[in-house]
Amino acid sequence: MRPNVYMYILVMAAVTYLIRLLPLTFIQKEIKNTTIRSFLYYVPYVTLAVMTFPAILTATNNQWSGVFALITAIFLAYKGCSLFKVSLASCLVVFIVELFL
Amino acid sequence: MEGNLSYWKKGIRDGIPISLGYLAVSFTFGIAAKEAGISVMQAIIMSATNLTSAGQFASLGLINASAGYLEMAVTQLIINLRYSLMSCVLSQKLSRETSFIHRFLIAIGVTDEIFGVSAHIDGKLNPYYTYGLISVALPGWTLGTFLGILSGNLLPERILSALSVALYGMFIAVIIPPARHNRIIAGIIIVSMFFSLMFTKLPILMLISPGFRIIILTVVIAGLAAILFPVKEGDMNET
Numbered sequence: 001m002r003p004n005v006y007m008y009i010l011v012m013a014a015v016t017y018l019i020r021l022l023p024l025t026f027i028q029k030e031i032k033n034t035t036i037r038s039f040l041y042y043v044p045y046v047t048l049a050v051m052t053f054p055a056i057l058t059a060t061n062n063q064w065s066g067v068f069a070l071i072t073a074i075f076l077a078y079k080g081c082s083l084f085k086v087s088l089a090s091c092l093v094v095f096i097v098e099l100f101l
Numbered sequence: 001m002e003g004n005l006s007y008w009k010k011g012i013r014d015g016i017p018i019s020l021g022y023l024a025v026s027f028t029f030g031i032a033a034k035e036a037g038i039s040v041m042q043a044i045i046m047s048a049t050n051l052t053s054a055g056q057f058a059s060l061g062l063i064n065a066s067a068g069y070l071e072m073a074v075t076q077l078i079i080n081l082r083y084s085l086m087s088c089v090l091s092q093k094l095s096r097e098t099s100f101i102h103r104f105l106i107a108i109g110v111t112d113e114i115f116g117v118s119a120h121i122d123g124k125l126n127p128y129y130t131y132g133l134i135s136v137a138l139p140g141w142t143l144g145t146f147l148g149i150l151s152g153n154l155l156p157e158r159i160l161s162a163l164s165v166a167l168y169g170m171f172i173a174v175i176i177p178p179a180r181h182n183r184i185i186a187g188i189i190i191v192s193m194f195f196s197l198m199f200t201k202l203p204i205l206m207l208i209s210p211g212f213r214i215i216i217l218t219v220v221i222a223g224l225a226a227i228l229f230p231v232k233e234g235d236m237n238e239t
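Line by line, the protein sequences give chains A and B. Numbered according to our numbering, the first sequence spans residues 1 to 101. Numbered according to our numbering, the second sequence spans residues 1 to 239.
Do not rely on the hints blindly, as some may be mistaken.
Calculated pairs, DSS-like style, for lysine-lysine (alpha carbon to alpha carbon, straight line, at most 27 angstroms) [unchecked claim]:
| id | chain 1 | residue 1 | chain 2 | residue 2 |
| --- | --- | --- | --- | --- |
| 1 | B | K124 | A | K29 |
| 2 | B | K124 | B | K93 |
| 3 | B | K93 | A | K32 |
| 4 | B | K10 | A | K85 |
| 5 | A | K29 | B | K232 |
| 6 | A | K85 | B | K9 |
| 7 | B | K124 | A | K79 |
| 8 | B | K124 | A | K32 |
| 9 | A | K32 | B | K232 |
| 10 | A | K85 | B | K93 |
| 11 | A | K79 | B | K10 |
| 12 | B | K124 | A | K85 |
Reference listing, derived: stretches of chain B covered by chain A, where coverage requires no fewer than 3 residues with Cβ under 8 angstroms from a Cβ of chain A [as the list claims (entries may be wrong)]:
| id | region |
| --- | --- |
| 13 | 40-50 |
| 14 | 70-80 |
| 15 | 120-133 |
| 16 | 164-173 |
| 17 | 211-219 |
Derived by calculation from the structure, the hints in this document are not laboratory data. For every residue, glycine included, the Cβ atom is placed at its ideal position computed from N, Cα and C.
Start from the sequences, fold in the hints, and give me the full structure.
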């Protein structure tokens, strides 16, 4: 007999939620150790950089639209544009570049 | 209460790019779910309760193969383990008085994107900001799944392709501005991207799953940076 899909969903949701929840509930105090604090401070930069590159180059239909989106996003982010503007502009660049390719 | 409401509204505004990106990704998830023989209701419930892309995609293969529940649990644990690292970071962004109920609710929204945006907020994190992000991101994720499974060709290919960079654009907008004034962060970003590229190109290393690639690189690079360049208290509050 094929196992129940709803049971699978329950197992998945429970495991994923616990992974997210446990550190948030167990670590209530402020960590004083400078090395750990520094580590946690640097984590988002490494994680987001690793997730963005090179994945952005293969996300779109065409590698070049990905390259242009990357350059546009870095440029606008460097100029201090908001999350929304940077995100929307990179989408538009992909759309426009792919009209020509 | 007034303050909480404005944090919630700000979260909604910053959550719009997340929602758009989710729409594109979950749309493709919906298509994949349909191919795997999952019903519309099951796909919607899965997206609403899991809110994770890699884990949900992986589950389709397991469900199709009638894998054991334990196998499903272990797979999800491995793929989604990175979220616990993110929760550790968020635990330090919350004020100490933040009650359990807020911690339970924030945990629903620990995804790569909601974490990334929550972590880059100045100073302490108000839970209502994260609730704002969740209240647009979760419907986007669920709606995309619904549309994808309902009709695989509802959104034109070009639009999907364009939306697929929304999340990456947002990540870049989070990490680049602090790098302007901080050479260490700039260096860390370049090193991270370089090794991420190596991990996708080099033999053996490319066999490591994306989830573990993120965990390994984060622990090693952020760990070395913390030892080599410990952050002073004042700098930490700036960004």
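Going down the list of hints, with the structure as the test:
1. Only pairs whose Cα atoms come within 27 angstroms are accepted, and B:K124 paired with A:K29 is accepted, the gap being roughly 14 angstroms.
2. Pair hint B:K124 plus B:K93 holds up; C-alpha atoms about 5 angstroms apart against a cutoff of 27 angstroms.
3. Annotation: proposed proximity of B:K93 to A:K32 holds, straight-line Cα distance about 13 angstroms (limit 27 angstroms).
4. With a C-alpha separation of about 15 angstroms, the suggested pairing of B:K10 with A:K85 holds against the 27 angstroms cut-off.
5. Proposed proximity of A:K29 and B:K232 is supported: the alpha carbons are some 19 angstroms apart, at most 27 angstroms.
6. Restraint check for A:K85 and B:K9: the C-alpha separation of about 17 angstroms stays at or below 27 angstroms, so the hint holds.
7. Restraint check for B:K124 and A:K79: the C-alpha separation of about 25 angstroms stays at or below 27 angstroms, so the hint holds.
8. For the hint linking B:K124 to A:K32, the alpha-carbon distance of about 16 angstroms falls within 27 angstroms, and the restraint holds.
9. Restraint check for A:K32 and B:K232: satisfied, since their Cα atoms lie roughly 12 angstroms apart, inside the 27 angstroms limit.
10. Distance restraint check for A:K85 and B:K93: the Cα-Cα separation of roughly 25 angstroms lies within the 27 angstroms cut-off, and the hinted pair is therefore satisfied.
11. A hinted pair counts as satisfied when its Cα atoms are at most 27 angstroms apart, and A:K79 with B:K10 qualifies at roughly 21 angstroms.
12. A C-alpha spacing of about 24 angstroms is found between B:K124 and A:K85, which places the hinted pair at or below 27 angstroms, so the restraint holds.
13. For a cut-off of 8 angstroms, the count of residues in the region 40-50 of chain B with a CB near a CB of chain A stands at 5, and the three-residue condition holds.
14. Counting residues of the region 70-80 of chain B whose CB lies closer than 8 angstroms to any CB of chain A gives 5, so the stated coverage by that chain holds, three being the minimum.
15. Residues of the region 120-133 of chain B with a Cβ under 8 angstroms from some Cβ of chain A number 1, which does not satisfy the need for three, so the listed coverage is violated.
16. Counting residues of the region 164-173 of chain B whose CB lies closer than 8 angstroms to any CB of chain A gives 10, which reaches the minimum of 3, so the coverage claim holds.
17. Coverage of the region 211-219 of chain B by chain A holds [criterion: at least 3 residues with CB-CB distance below 8 angstroms; count 4].
The earlier numbered hint that this structure contradicts is number 15, and it is the only one.
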